[in-house]
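Student: So the chains spell out like this:
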Amino acid sequence: MSATDPRKIYTKLLAESKEKAGSRQDKPQILIGTATCGIAAGALQVRDDFIREIKEKGLEADVIEVGCMGHCYAEPLAVIAKPGFPPICYGHLDEGLVHRLVEDFLVGDDPSYEYALAALERNDVFPIFEDFPRGAYEKKLILENCGFIDALNIDSYLALEGYNALVEALIQEPAWVLEEIKVANLRGRGGAGFPAGLKWEVCLKSGGDEIYVICNADEGDPGAFMDRSILESDPHLVIEGMILCAYAVGAKKGYLYIRAEYPRAVKHVQVAIDQAREKGLLGSSILGTTFSFDLEIFQGAGAFVCGEATALVNSMEGKIGLPESRPPRLAQQGFRGKPTVLNNVKTFAYVPLIMKRGADWFKGIGTPESPGTAVFSLVGKIVNTGLVEVPMGTTLRQLIYDVGGGLPNGREFKAVQIGGPSGGCLPEAELDVPIDFDSLHDAGAIMGSGGLVVMDQDDCMVAVARYFLDFTQHESCGKCTFCRLGTRHMLDILTDITKGKGDRDTLDLLEELAEDVRDGSLCNLGRTAPNPVLTTLKYFHDEYRAHIEEGRCPALSCRDLILYYIDPPRCSKLCNVCVGSCPTEAIFTREDGLKEIDQEKCVKCDNCRKACPPEYSAVVKLSPPVLPSDKERKAK
Amino acid sequence: MQLLKDEKEQILACVAEVLKSNSKNREDLIPILQKIQAIIGYLPELAMAKIAEGLHVPAADVYGLATFYNQFRLNPPGKHQVKVCLGTACYMVGGTIVLESFERRMEIREGETSPDRLYSLERVACVGCCTMAPVAVVDEVVEGKVTPTRVDGIMLALNEANNQNAEKQKPEQDGGKA
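Those sequence lines, one after another, are chains E and B.
Using our numbering, the first residue of the first sequence is number 1, and each one after it goes up by one.
Using our numbering, the first residue of the second sequence is number 1001, and each one after it goes up by one.
No lab work stands behind these hints, which were simulated from the structure alone.
A few of these clues could be false.
What the hints assert, rightly or not - Calculated cross-link-like contacts (lysine-lysine; reagent style DSS-like; alpha-carbon spacing at most 30 Å):
id : chain 1 : residue 1 : chain 2 : residue 2
1  : B       : K1145     : E       : K610
2  : B       : K1020     : E       : K610
3  : E       : K338      : B       : K1035
4  : E       : K610      : E       : K621
5  : B       : K1035     : E       : K604
6  : E       : K267      : E       : K12
7  : B       : K1168     : E       : K499
8  : E       : K338      : B       : K1079
9  : E       : K610      : B       : K1008
10 : E       : K573      : E       : K631
11 : B       : K1024     : E       : K319
12 : B       : K1145     : E       : K601
13 : E       : K479      : B       : K1005
14 : E       : K253      : B       : K1035
15 : B       : K1035     : E       : K252
16 : E       : K267      : B       : K1020
17 : B       : K1024     : E       : K253
18 : B       : K1145     : E       : K319
19 : B       : K1005     : B       : K1035
20 : E       : K82       : E       : K57
21 : B       : K1079     : B       : K1008
22 : B       : K1079     : E       : K252
23 : B       : K1005     : E       : K267
24 : B       : K1008     : B       : K1020
25 : E       : K20       : E       : K82
Claimed, not checked - Computed, partial: chain B to chain E, Cβ under 7 Å:
id : residue
26 : R1026
27 : Y1069
28 : C1130
29 : V1142
Ideal Cβ positions, reconstructed from N, Cα and C, are used throughout, including at glycine.
Please take these sequences and the hints and turn them into a complete structure.
Tutor: Written as structure tokens, this is what we have:
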């Protein structure tokens, strides 16, 4: 295939990048995590503080912006690599801490271990991330470089032998790439787990002169942000994966479909594409060979249903994003009616790694049916929120308690919502389910995008089901009647339940509707929309019944079923905090000095309960919403 | 929403400009709408009609796209934009309470712009800062762990910034920080 040997050009590129990286290593480097999540926590301020302090002290040091390391609980984060010391990661940075680190560590030689999270290289002094329980389970493949390389500088990726997999592949025949992916049994990470190799093969066999490769980065699940994180932190990994795929199936043109809500990801990928083109890694005759492939970004305009492959393609063609019935599969007839490979960001990210380290290495990780790793965003009532990557087959219990550090403040676990709006809520008893495509499906949840929300006793399962249905109902494209009207009807029923309305038949009707929507919808949005309802009905039936039969919300969360009440024996009389905290002036002082809530004015915003000093804790929520005085009167 | 003075000319000029720099393919419809919104801030009816003309597609198709996709807005954004996150994590810890507090103080509903075009309020599904829930994005500045009291503080700061601007007649300054 090759006109000239791609290795020659690559060796030169590699040497250049290593030289640049080498020249940087003589002076201290400060890597600051400025992915969207880090910026939200104030990383840009921290960056400016570092630059200012370094300048004031007249030091020579590089401040480099990197992506997300996944330790979101400790943002803003920075890694300081000073020659002579192992690179050390610091968390919860602020102006004072930056000042101290610059003065003590950069000027002096005291790494201030008391503020360090962990070191990044094995040393005799300080533990590394792998020494913590989380590190024992975590296995970073596609997140390996995230947070350690400069996403806006291709040399940073090249210096780690990036694009080497591409070079190796270009020497071989395209069939070799396809074979490796098939042998590795790489399953699509978009959620359904369809084997990528099979998809590619169908596409290749469909043939034709025009074949497209599309990367689905329309990550719309609320609570999932790994695709964004990978694109922001390590865009070249995904680009390399796409080029390899294009080589395997013979495509000349590819697109990255990225949500417009991810401006930073769009920017980073665009810069990466431009730089790759400049280096001859993308465009016509890649690395001097006869193989040509180019990439372009298409910004998705924000429709959850466009995560569905056929809808995504319609939207790229300038139409409304409605899904189509399959077959024909996209691999046979996709974008512009031509064979199209469409895979998720993470799927493409695995490709260079499999090429580099071999299919057998990949199969050695995870379970036989689901090899490799799974990436999760841990959020909700969990200590170590953030992005984690664990081998398939890890149990949910290990993920929540060992990797995530369990629930904060001794809270009690109630459920874990996995897979976003298409997934389900699993209770304590199901925590030993191993994480892989098939086991999760059997338990009623799905792998989905990998959002994982941990919930405790304060979270109402009916409200959670309602929340997700509200989302899918809003995002339903309206093509199928069952999805369009069925989800609407289900949402109405759930809303009624959260208000305490309904009777015995309500739950049966809800279940029946859920099954109908599942069976009567064309695409996965509709087919999986009832999952949150079905799983909560199955595992938390009592909570539904408490709402309907007693007008009581056991989690004290549904606002129509609770009221706020100031318990007279606990109220201090002399303190006025609650009065001041109320945004609607609903709290007043009675003649006897005690505070009371005017129930007519109260908007149940929870402000007074939070404001009441913990030594009193006089503000309480009551469910069913009956004042004790009314209760007594009733009893009489 | 009523068009302001000079706005019509501005819209026409902008549409003409964007149409000139793009091919007239149907495939370019979404990118064109995105460009127009990036410049004007929203998609005025007039702009959509002109785009339909330019691309030879029915105006209903353009309107269909604009209403189907969440990114497009048909109302002008306020000078200060507040987006309240209602992703899973934020919802669980009271995102709706935050949204209601803003609605109460701005005297508009979610998705609306105040008549004086000072404020607009939106709900968004996850800004990816789940660890700081509940989150609101005020003029691109992310506010974490928002409570109704904090909402009052944010609104006070925004009002203050507006008053100062009105006095000084200076170009707008970012009032997001309290």
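Student: Against this structure, judge whether each hint is valid.
Tutor: Verification of the hints:
The straight-line distance between the Cα atoms of K1145(B) and K610(E) is roughly 12 Å, inside the 30 Å bound, and the hint therefore holds. About 57 Å separates the Cα atoms of K1020(B) and K610(E), which puts this hinted pair outside 30 Å; it is violated. Simply put, K338(E) and K1035(B) have alpha-carbon atoms about 28 Å apart, close enough for the 30 Å limit, and the pair holds. Between K610(E) and K621(E), the direct Cα distance comes to roughly 12 Å. Compliance with the 30 Å bound is thereby established for this hinted pair.
A threshold of 30 Å between alpha carbons decides the hint, and for K1035(B) with K604(E) the separation of about 42 Å lies outside it, so the pair is violated. Distance hint between K267(E) and K12(E) is fulfilled; the C-alpha atoms sit about 27 Å from each other, no more than 30 Å. Distance check on the hinted pair: K1168(B) and K499(E) sit about 50 Å apart at the alpha-carbon level, beyond 30 Å; violated. Restraint check: the Cα-Cα separation between K338(E) and K1079(B) comes to about 45 Å, which exceeds 30 Å; the hinted pair is violated.
For the hint linking K610(E) to K1008(B), the alpha-carbon distance of about 50 Å lies beyond 30 Å, and the restraint is violated. In summary, the hint linking K573(E) to K631(E) is supported, as the alpha carbons are separated by about 24 Å, within the 30 Å threshold. Annotation: proposed proximity of K1024(B) to K319(E) holds, straight-line Cα distance about 14 Å (limit 30 Å). Annotation: proposed proximity of K1145(B) to K601(E) holds, straight-line Cα distance about 24 Å (limit 30 Å).
Between K479(E) and K1005(B), the direct Cα distance comes to roughly 41 Å. Violation of the 30 Å bound is thereby established for this hinted pair. Using a Cα cut-off of 30 Å, the hinted pair K253(E) and K1035(B) holds, with the two alpha carbons roughly 23 Å apart. Between K1035(B) and K252(E) the alpha-carbon distance is near 27 Å, which keeps this suggested pair within the 30 Å criterion. For the given pair, K267(E) sits about 24 Å from K1020(B) by alpha-carbon distance, which is consistent with the 30 Å threshold.
Taking the CA atoms of K1024(B) and K253(E), the gap is about 20 Å. The hint holds against a cut of 30 Å. For the hint linking K1145(B) to K319(E), the alpha-carbon distance of about 39 Å lies beyond 30 Å, and the restraint is violated. Among the hinted pairs, K1005(B) with K1035(B) is consistent with the structure: their alpha-carbon atoms are about 22 Å apart, no more than 30 Å. Among the hinted pairs, K82(E) with K57(E) is consistent with the structure: their alpha-carbon atoms are about 16 Å apart, no more than 30 Å.
Note on K1079(B) and K1008(B): the hinted pairing holds, with a Cα-Cα distance of about 19 Å set against a maximum of 30 Å. This hinted pair does not check out: K1079(B) and K252(E) have alpha carbons roughly 44 Å apart, beyond 30 Å. Proposed proximity of K1005(B) and K267(E) is contradicted: the alpha carbons are some 35 Å apart, above 30 Å. Annotation: proposed proximity of K1008(B) to K1020(B) holds, straight-line Cα distance about 18 Å (limit 30 Å).
A hinted pair counts as satisfied when its Cα atoms are at most 30 Å apart, and K20(E) with K82(E) qualifies at roughly 17 Å. Interface restraint check for R1026(B): the shortest CB-CB distance to chain E comes to about 4 Å, inside 7 Å, so the restraint holds. At about 4 Å, the closest approach between the beta carbon of Y1069(B) and any beta carbon in chain E falls short of 7 Å, and the interface hint on this residue holds. Hint status for C1130(B): holds, given a least beta-carbon distance of 4 Å to chain E, under 7 Å.
Given the 7 Å rule on beta carbons, the hint for V1142(B) holds: about 4 Å separates it from the nearest Cβ of chain E.
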